[in-house]
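Chains as they are written, first to last, in the working numbering: chain V, 11 to 163; chain Z, 2 to 362.
Hints are supplied without guarantee of correctness; some may be wrong.
Within a straight-line C-alpha distance of at most 25 Å, the following computed DSS-like cross-link-like pairs (lysine-lysine) qualify [as the list claims (entries may be wrong)]: (1) 150(V) x 113(Z); (2) 314(Z) x 110(V); (3) 62(V) x 72(V); (4) 332(Z) x 314(Z); (5) 260(Z) x 62(V); (6) 116(Z) x 199(Z); (7) 181(Z) x 116(Z); (8) 181(Z) x 260(Z); (9) 116(Z) x 56(Z); (10) 150(V) x 314(Z); (11) 272(Z) x 206(Z); (12) 72(V) x 15(V); (13) 62(V) x 56(Z); (14) 56(Z) x 199(Z); (15) 279(Z) x 142(Z).
From the derived model, a few chain Z residues whose C-beta atoms are all more than 10 Å from chain V [stated by the list, open to error]: (16) 83; (17) 105; (18) 134; (19) 135; (20) 148; (21) 180; (22) 257; (23) 286; (24) 326; (25) 332; (26) 336; (27) 354.
Derived from the structure by calculation, the hints contain no laboratory data.
Source: prediction; values computed, not measured.
Backbone N, C-alpha and C define an ideal beta-carbon position, used for all residues, glycine too.
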Amino acid sequence: MAEIKNCLLPDDLYYSVENNVWVRDLGDGTISLGMTDIAQTLAGSVIHCKPKAAGKKVKANKSIATVESGKWVGPVKCPFSGEIVAVNEQLAQDATILNKSPYKEGWIVKVRPDNLEGDLANLAKGADAIPGFEAYMAEKELGECIHCEGFDG
Amino acid sequence: MHVRLLDMGMVSVLRSQSIYHGITESMTADSEPAISIMRPEAAYVSTGYFQEVNKEVDTEYCRENRIPVIRRHVGGGAVLLDANQLFFHLMLPSARAAEFGLPRALEERFEKLAKPAILAYNKLGINASFRPINDIHVNGKKIGGTGVGEIEEGIVFAGSMMFDFDTELMARVLRLPDEKMRDKVRAGLNDYMTTMKKELDVLPKLEDVAEALLSSFEEIFNITLVPSMPTLEEMDKIYEWDERLRSDSWMNDIQLAEKDLKHVKISSNVKILQAAHKARGGLIRGTLRVVDDIVDDVCISGDFPMSPQNCLKEFAHTFQGARLDREELEKRLRRALTELNIDMAGVDENDFKQLFEQVTQ
Chain V
11 MAEIKNCLLP DDLYYSVENN VWVRDLGDGT ISLGMTDIAQ TLAGSVIHCK
61 PKAAGKKVKA NKSIATVESG KWVGPVKCPF SGEIVAVNEQ LAQDATILNK
111 SPYKEGWIVK VRPDNLEGDL ANLAKGADAI PGFEAYMAEK ELGECIHCEG
161 FDG
Chain Z
2 MHVRLLDMGM VSVLRSQSIY HGITESMTAD SEPAISIMRP EAAYVSTGYF
52 QEVNKEVDTE YCRENRIPVI RRHVGGGAVL LDANQLFFHL MLPSARAAEF
102 GLPRALEERF EKLAKPAILA YNKLGINASF RPINDIHVNG KKIGGTGVGE
152 IEEGIVFAGS MMFDFDTELM ARVLRLPDEK MRDKVRAGLN DYMTTMKKEL
202 DVLPKLEDVA EALLSSFEEI FNITLVPSMP TLEEMDKIYE WDERLRSDSW
252 MNDIQLAEKD LKHVKISSNV KILQAAHKAR GGLIRGTLRV VDDIVDDVCI
302 SGDFPMSPQN CLKEFAHTFQ GARLDREELE KRLRRALTEL NIDMAGVDEN
352 DFKQLFEQVT Q
């Protein structure tokens, strides 16, 4: 697993540095998507997460979920256009999953991208995302990632 | 940097929300930042984005008393807003946040964004300071909260300058399980909130407060405010938000899981909690005021028989001064049950333990 300043970036995932999300190719024409370790650190403890409903069409770089942390309400953006095919219902019960397990339990939506192959080709995979995230962290003045108790990657 | 100033004066209740939602949503990466100020022409309740309106607000009371309720695309809890508050909204493209001098870390961002209001209060002779994560306090009392929302490519930072506040009505519009909790919320608001009127013994002039606020924005962010009005494109978005904010689908968008614990946050360090537990002998309710994680006031009530009579107050007093910590509360519980020699039919130590489990979650 790639790591920058205590921020984990699993090798098998694709990353959109600009949107600070990861993408997992599920091999059936769909992908799952969630916040990176860096995104969950920047957000702090997430109180609520409301993904858009399954069946909704999303445009590239537009919101697929709204999260609240502190009194900040903001979007999680999807780098692709496509259709949401599933949402993680567990997040309605406990949004801190996004902090505790950003890459495993903390997937937010599954999407069927309009152009999966082309879209994935535009993302950085595994360690290839390190330079982009290094620059991103420097710009945001983020020293290192913070992991809450019970963090399991 | 030039920043547009939208001084909207007194506006309708709906517009006091739709203007900043519409302008923020209109922002693109190269849009000019804007600051709007306005007051609503009537009192209303604004609920946070992630609040289930019916669970937080006594909507029947509000309907009967013609108090509108509007859910906003900004975090936080339900608040009463009226013409005694001067709203301000700083709106800018997310892409220009760094250029505007906003730190990325949320807590630091809140601190920076609260600075103009704090400086304005200071200019008016009020000793305001920042209290993490997003409160403005005067000698331990909250004078206003702030919130941030991101809508599409735009960020809005919302806050208000508090001339006066109707704590009675604020406590009344919330949906609370019983009058005991309402009393605690009312007392909490009276004890831990303040206003310019309370601090100065007189209501300052609106134009003086506006001038103090806007000059502080210019000084803190090193910007020049240029009087402006919403563009036609922004007006189209404002009309869209007019419709969205009053639609049932927007108002009922959030449905949360049922919780046994009722929680009202008065300020960043003061909260009122109420938990209920059904014991064999009847329902027991614990209502607590917690200040800086210390139990400051307690009321235990229920419909179970207790001997000796009238020992509930003494029993509740046992927990005053305790840390909001399960172990400490249980220790005090054991001591109280022994020392006060209390007999509660159908209610035992375990029932209170379950109550404490809820309040310390």
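Here is how each hint holds up against the structure:
no. : hint            : result
1   : 150(V) x 113(Z) : 15 Å, holds
2   : 314(Z) x 110(V) : 41 Å, violated
3   : 62(V) x 72(V)   : 11 Å, holds
4   : 332(Z) x 314(Z) : 18 Å, holds
5   : 260(Z) x 62(V)  : 23 Å, holds
6   : 116(Z) x 199(Z) : 21 Å, holds
7   : 181(Z) x 116(Z) : 37 Å, violated
8   : 181(Z) x 260(Z) : 19 Å, holds
9   : 116(Z) x 56(Z)  : 33 Å, violated
10  : 150(V) x 314(Z) : 52 Å, violated
11  : 272(Z) x 206(Z) : 32 Å, violated
12  : 72(V) x 15(V)   : 28 Å, violated
13  : 62(V) x 56(Z)   : 22 Å, holds
14  : 56(Z) x 199(Z)  : 31 Å, violated
15  : 279(Z) x 142(Z) : 36 Å, violated
16  : 83              : 20 Å, holds
17  : 105             : 4 Å, violated
18  : 134             : 5 Å, violated
19  : 135             : 5 Å, violated
20  : 148             : 4 Å, violated
21  : 180             : 29 Å, holds
22  : 257             : 7 Å, violated
23  : 286             : 25 Å, holds
24  : 326             : 16 Å, holds
25  : 332             : 24 Å, holds
26  : 336             : 30 Å, holds
27  : 354             : 23 Å, holds
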